Structure formats: structure tokens, C-alpha cells
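Here the protein sequences come in this chain order: A and B.
First residue of the first sequence: 1, per our numbering; consecutive thereafter.
First residue of the second sequence: 1, per our numbering; consecutive thereafter.
Source of the hints: derived by calculation from the structure; they are not laboratory data.
Do not rely on the hints blindly, as some may be mistaken.
Listed next, with one range per pair, are the computed distances between beta-carbon atoms [stated by the list, open to error]: (1) A:Glu94 with B:Pro36: 26 to 34 Å; (2) A:Thr82 with B:Glu152: 32 to 40 Å; (3) A:Met78 with B:Lys2: 28 to 36 Å; (4) A:Glu79 with B:Leu82: 34 to 42 Å; (5) B:Arg77 with A:Thr82: 17 to 25 Å; (6) A:Ala40 with B:Asn15: 52 to 60 Å.
Fair warning: this is a prediction, and the values are worked out from it, not measured in the lab.
Note that the Cβ used here is the ideal one computed from N, Cα and C, for glycine as well.
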Amino acid sequence: MWGIDSRWQDPRGAGASDSATTTETRPGRVAAESAETELARPWNVIVHDDPVTLMSYVTAVLMKVFGYERTRAYTLMMEVHTRGSSIVWTGDRERAETYLVTLHGYHLLATMDRVDG
Amino acid sequence: MKLRRDRQGDIWLENLPPFCADTYARIPEWLASEDPAVQARLRPRAARDGEVEAEWRRYGAPELERLFLTREQILRRDLSTLARARLGGGLRFRIARGHESAWLSALNGARHALFILHALGPGDLAQELDQVADPERQEALARITVLGWLQELLLAETAASSDMA
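Generate coordinates for the entire structure from the input sequences, incorporating the hints supplied.
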């Protein structure tokens, strides 16, 4: 799971390299590649803090949904609790949406957002 | 209140005081509350971006509704086993094997619903029950606590059996 995250967070990001190679090509191709770049941009799944949900429950849900080890899930839960939110997963949009359905199904406050870039 | 798992893997909640049994029996009612604030919390926004949110409402939300419907049916089925034990007189009901996730989710949702319906704040949850003057708020806080107990019991049980299906 986290191997996927590392790939998405590669600082050489696909977006930057694509726009550099398409500036000298035809406009149609530029638009198509720009759309592809947009589609390829990863999404963050973010869990937000709330005053009601039990901390142990958030940890258990993160373990169950993402398959994280307890330590990793606990760390993320504590980040939610202390900072107000935490990016719990990063990847393609379709999977982000699937995760969001699951997290909302557990009544966690969660959103998805395009990774800035 | 006691939780045990039988040979079939079903969970039995036994020796339930009437207040606890009543609280668990009313979970579907609270989840179905038509209060707009409750519904907004149980079906929150999926994205800040309006376009993404609109797409979510079209494609993601219906899937979520199907999930909630299935879970409601699971809860009602399990709650239909709520009865007084033949000996000893305590109330009990069965959470069938594989229903743990539906219950954990519903318990969390019901806590949120009660919290909103009674206009409680984060500070209220930290208060001792006997320090809450208003009887209705006191009862709501007691029910939220009782819902949390079962969540903790189920979390401990599912952690032990890896059954948070």
C-alpha cells in the first residue's frame, strides 16, 4: 500500500515532465496530454477529526480499510486527533472514491482532494 | 452486560440492563432521523471541489446508500433476537457472525445522531453524568456512553478474532 504512495509522491512527478515535452507539439496533442496529465494526477484521501468518534475505532477502521499495521494506523489516527486531519492514502481517483464510500460507511469524516501540483 | 462468542462464531450480548437494550434497539431510529444536521453528518461532503462533490453525489452516494440499507437490515435482523433469557431474567441479543462491521458503523452513526439531536458539545462528552443538570441531555449522554461501550467490546472481540468483516 505505501509503495504505491511513494510512487505517486515522486518529486519528478509525471505532470511536470509531461508539460515540458508537449510545449513544442501541436495544440491538440498538448490538450490531450494535458487532460491525461490531469487524469493521472493522484488524489489524497483525508480523514478529519470529530469530537464523537472513538480513537480506538478510527485506528481499527484504518487497519481494516487500508490494511495498515496497528502502529501506522495509530499514528495516522493521532495525526487526525492532534492536527485536525490526516492524509491516510494517496493514489488514483477511482480507488480514492472506493475508499471514501467505505470510510463514510463507517461514519468517519473523510474527503478526497487532488494532490497539488 | 456480557459479551461472548458461541461455537458458530455468533456474538451474544447478555445480561443487558433494560436501558442498554433500549438504547441498542433504537439505533435504527436515530440513524433514520430526518433532522437535516444529523443527515448532513451521516452523509457528509466528499470533496471541497464542487464539481468533484457533484460527481460523488451522482456515483458514490448511491453506493453508500446501498451499504447503509444492507447494514440497517443486518441490524434489524440481529435486534429481532432481543429477548429475555429464560433463566436469570437478563435481556440478550445475538450479533451474527460477520455482522460486526455493520454494528460498529451503526454504533458510531448513532452516537453522532444523538450528539447532534441533543445539541451536545465536545465538553459535554467529558462531563460526569451526574454533573449534567438537564435530564434529557443527561440521558442522551448516558446513551452515547452505552453505545461506546458496545463499540469498545466489539473492537476488542474483533481484534481478538480478526472478524471485522
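* Hint numbers contradicted by this structure -> When the structure is compared with the hints, numbers 2 and 5 turn out to be violated.
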